[in-house]
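Engineer: Given the structure of chain L, go ahead and fit chain D onto it with the hints provided.
Protein chains: 2
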Amino acid sequence: MLFDVEILKKIDEELKKYVDKNDELYNASKHLLFAGGKRLRPYLTVITYNLKKDNMEEILPAAAAVELIHNYTLIHDDIMDNDDERRGKPTVHVVYGEPIAILAGDLLYAKAFEAVSNIKDSKKAHDVLKILSKACVEVCEGQAMDMKFENYNPTMEEYLEMIRKKTGALLEASVEIGAIMADCSEEEKTALKEYAKRIGLTFQIQDDVLDLIGDKNKIGKPVGSDIREGKKTIIVIHALKTLDEEKKRRLLEILGNKNIGEEEIKEAIEILKPSIEYAKELMKIKTEEAKNYLKIFDEERRKVLEDLADFIISRIH
Amino acid sequence: MLFDVEILKKIDEELKKYVDKNDELYNASKHLLFAGGKRLRPYLTVITYNLKKDNMEEILPAAAAVELIHNYTLIHDDIMDNDDERRGKPTVHVVYGEPIAILAGDLLYAKAFEAVSNIKDSKKAHDVLKILSKACVEVCEGQAMDMKFENYNPTMEEYLEMIRKKTGALLEASVEIGAIMADCSEEEKTALKEYAKRIGLTFQIQDDVLDLIGDKNKIGKPVGSDIREGKKTIIVIHALKTLDEEKKRRLLEILGNKNIGEEEIKEAIEILKPSIEYAKELMKIKTEEAKNYLKIFDEERRKVLEDLADFIISRIH
Chain L
1 MLFDVEILKK
11 IDEELKKYVD
21 KNDELYNASK
31 HLLFAGGKRL
41 RPYLTVITYN
51 LKKDNMEEIL
61 PAAAAVELIH
71 NYTLIHDDIM
81 DNDDERRGKP
91 TVHVVYGEPI
101 AILAGDLLYA
111 KAFEAVSNIK
121 DSKKAHDVLK
131 ILSKACVEVC
141 EGQAMDMKFE
151 NYNPTMEEYL
161 EMIRKKTGAL
171 LEASVEIGAI
181 MADCSEEEKT
191 ALKEYAKRIG
201 LTFQIQDDVL
211 DLIGDKNKIG
221 KPVGSDIREG
231 KKTIIVIHAL
241 KTLDEEKKRR
251 LLEILGNKNI
261 GEEEIKEAIE
271 ILKPSIEYAK
281 ELMKIKTEEA
291 KNYLKIFDEE
301 RRKVLEDLAD
311 FIISRIH
Chain D
1 MLFDVEILKK
11 IDEELKKYVD
21 KNDELYNASK
31 HLLFAGGKRL
41 RPYLTVITYN
51 LKKDNMEEIL
61 PAAAAVELIH
71 NYTLIHDDIM
81 DNDDERRGKP
91 TVHVVYGEPI
101 AILAGDLLYA
111 KAFEAVSNIK
121 DSKKAHDVLK
131 ILSKACVEVC
141 EGQAMDMKFE
151 NYNPTMEEYL
161 EMIRKKTGAL
171 LEASVEIGAI
181 MADCSEEEKT
191 ALKEYAKRIG
201 LTFQIQDDVL
211 DLIGDKNKIG
221 KPVGSDIREG
231 KKTIIVIHAL
241 KTLDEEKKRR
251 LLEILGNKNI
261 GEEEIKEAIE
271 ILKPSIEYAK
281 ELMKIKTEEA
291 KNYLKIFDEE
301 RRKVLEDLAD
311 FIISRIH
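Those protein sequence lines, which keep their order, are chains L and D.
Mapping of the first sequence onto the working numbering: residues 1 to 317, in sequence order.
Mapping of the second sequence onto the working numbering: residues 1 to 317, in sequence order.
Simulated from the structure, these hints should not be mistaken for lab results.
As the structure is a prediction and not an experimental result, all values here were calculated from the model.
Keep in mind that a hint or two might mislead.
Since the list gives no way to pick one copy over another, a pair counts as held whenever it fits inside one copy or between any two copies.
[As the list claims (entries may be wrong)] Cross-link-like lysine-lysine pairs, in silico, DSSO-like; alpha carbons within 30 Å at most:
(1) LYS148 / LYS16
(2) LYS231 / LYS21
(3) LYS134 / LYS123
(4) LYS52 / LYS120
(5) LYS248 / LYS216
(6) LYS193 / LYS303
(7) LYS21 / LYS197
(8) LYS148 / LYS21
(9) LYS53 / LYS130
(10) LYS148 / LYS266
(11) LYS134 / LYS9
(12) LYS273 / LYS248
(13) LYS123 / LYS189
(14) LYS10 / LYS189
(15) LYS53 / LYS124
(16) LYS16 / LYS123
(17) LYS286 / LYS221
(18) LYS21 / LYS193
(19) LYS123 / LYS52
(20) LYS248 / LYS21
(21) LYS189 / LYS124
(22) LYS17 / LYS148
(23) LYS120 / LYS216
(24) LYS38 / LYS221
Chain L on its own, in the form it takes in the complex (with noise of 0.2 Å):
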């Protein structure tokens, strides 16, 4: 799937209004922001709302707002992961220190729900601003979580509730607010919801699928640096519960061991092959059920959601 270069160029346009300034604080907060971000999030608060209404203009605000919070998320949690590079850049904090990178964020943060302030209707912008402060507090508890499964072994349960809510919320809020802006009616919304609730697994499950299988070059960061870190993806987690004893002994060897080789990470990948497989699985099977919650929508124009479901499964980066 090809995304739209007009609607993106638009999103672009809308996202420099709010840091169109030049110092030090206001550069650290554009240095992510025009990195070169899919703008998934702020495409499918368009999309969605494109299901209903075409006015651009009512819509870009809300685009906006959800993009500016990805971006103080990505900002802060790079200094709370000790993250030196992002998408092949720099990070924020790597460039401008500490300080101003917090406050990047924080900025960024500001200037998304300044952002939701400019939706014209008051109740429009109520009932985002309703989602997308709900959607922050899920974030941060998330992040949170995620934190703490470095020293802990999450259950499935927790791994699932850890991602839905630090990747999931967030785009989730943007369909959702998609809907709201586009006068949904609530089927139409319940639908959208269950829809962005799949993607927003699949998004992260495939996140999880490239880090052992993607191209290094593609994804930006060394093939099995989950492995390396430990992390408890849904994929390391259904191999745990599946795998024979002896598989499973070195699997826990391997996982999470910061002086392994390239040999043991291939050994990992090839251990994981068969959860690998039952991951692919789970995404198209919940891709199909998101595209059909699509189906009370007019045929032509939920098409681009469509796409959408099936390119974050089929994404290479």
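Structural biologist: Positioned in the frame of chain L, the structure of chain D alone reads:
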């Protein structure tokens, strides 16, 4: 002036609703929030609202919002400024580590906007959102200026802009939000904004005065900390403009010198005496101006706002 304990109690009860979980993230978020702050901002919101209306249920979410924002900024500022203590207690990042402290601030930020979304009337929620998000942007810009001033000699105008943004913006917003919630007329809102601008300024000046002539047990830090840190307060800027060459030279020797002892601090305070008097005079003038703007309101109802203006410049911590 004594703050009305009934109002304070209701503000605390409202705040508790937003952080009513018991895990590491929420405990970190509560650490400072219930560590004995003055609640000046939510109190301002409530008593401004009380100029015209008395429905506590209506105003409490808005009041909670400004206090939650204030607390997020304190947690993040303490990380940026590397401060280990606040209100005589270890700061959040000292107790919980930097990653959780960043996240605790981010959570309170989200909760503040969740509180705004709890305002029932959509038009009012929308108006409050506009004011609060704009104030949040200014607070970030003010903090960036403050950090920049550590290695740079600001002019009086630059210093005033910095404190207006860093400290004044949220105090002003607290009053404006009270005015919006009380359905004040445009004329009343304008008067309250002028009041708020002046108490925002006197609040910061009194902080600077207390640093020089306060009681270290009351202000929770050693007297003269600002001198050691080389802060360009309104008092210092006035002194540098008015002192004779010899005193000016001596003040500049002491200012920002980390190796100075009690003696030099005392000497600097002596040199600054006329400028402290200037600051006190300025506060008196601004406080009278602030109170004059309240004259359009009911005499009995405005009294608590008049008293608050006086309290701000007579407080000892």
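Engineer: Each of the hints needs a verdict: does it hold here or not?
Structural biologist: These are the hints, each one checked on the structure:
1. LYS148 / LYS16: between (36 Å within a copy, 24 Å between copies)
2. LYS231 / LYS21: Answer is between; shortest inter-copy Cα gap is 26 Å, intra-copy 39 Å.
3. LYS134 / LYS123: both (17 Å within a copy, 20 Å between copies)
4. LYS52 / LYS120: Both: 18 Å inside a copy, 28 Å across copies.
5. LYS248 / LYS216: Only inside one copy: LYS248 and LYS216 sit 26 Å apart there, 61 Å across copies, limit 30 Å.
6. LYS193 / LYS303: within (17 Å within a copy, 51 Å between copies)
7. LYS21 / LYS197: For LYS21 and LYS197, the Cα distance is within 30 Å only across copies (25 Å; inside one copy 37 Å).
8. LYS148 / LYS21: between (37 Å within a copy, 16 Å between copies)
9. LYS53 / LYS130: both (22 Å within a copy, 25 Å between copies)
10. LYS148 / LYS266: Within. Shortest intra-copy distance 27 Å satisfies the 30 Å Cα cut-off; inter-copy 49 Å does not.
11. LYS134 / LYS9: So LYS134 and LYS9 pass the 30 Å test inside a copy (28 Å) and across (26 Å) alike.
12. LYS273 / LYS248: within (13 Å within a copy, 74 Å between copies)
13. LYS123 / LYS189: For LYS123 and LYS189, both the intra-copy (16 Å) and inter-copy (23 Å) Cα distances are at most 30 Å.
14. LYS10 / LYS189: within (25 Å within a copy, 36 Å between copies)
15. LYS53 / LYS124: both (14 Å within a copy, 27 Å between copies)
16. LYS16 / LYS123: both (26 Å within a copy, 27 Å between copies)
17. LYS286 / LYS221: within (27 Å within a copy, 58 Å between copies)
18. LYS21 / LYS193: between (36 Å within a copy, 26 Å between copies)
19. LYS123 / LYS52: Both ways: LYS123 and LYS52 sit 18 Å apart in one copy and 25 Å across, limit 30 Å.
20. LYS248 / LYS21: neither (54 Å within a copy, 36 Å between copies)
21. LYS189 / LYS124: Answer is both; intra-copy 14 Å and inter-copy 25 Å each pass.
22. LYS17 / LYS148: between (37 Å within a copy, 24 Å between copies)
23. LYS120 / LYS216: neither (44 Å within a copy, 50 Å between copies)
24. LYS38 / LYS221: within (17 Å within a copy, 48 Å between copies)
Hints 20 and 23 from the list above are not met by this structure, while the remaining hints are.
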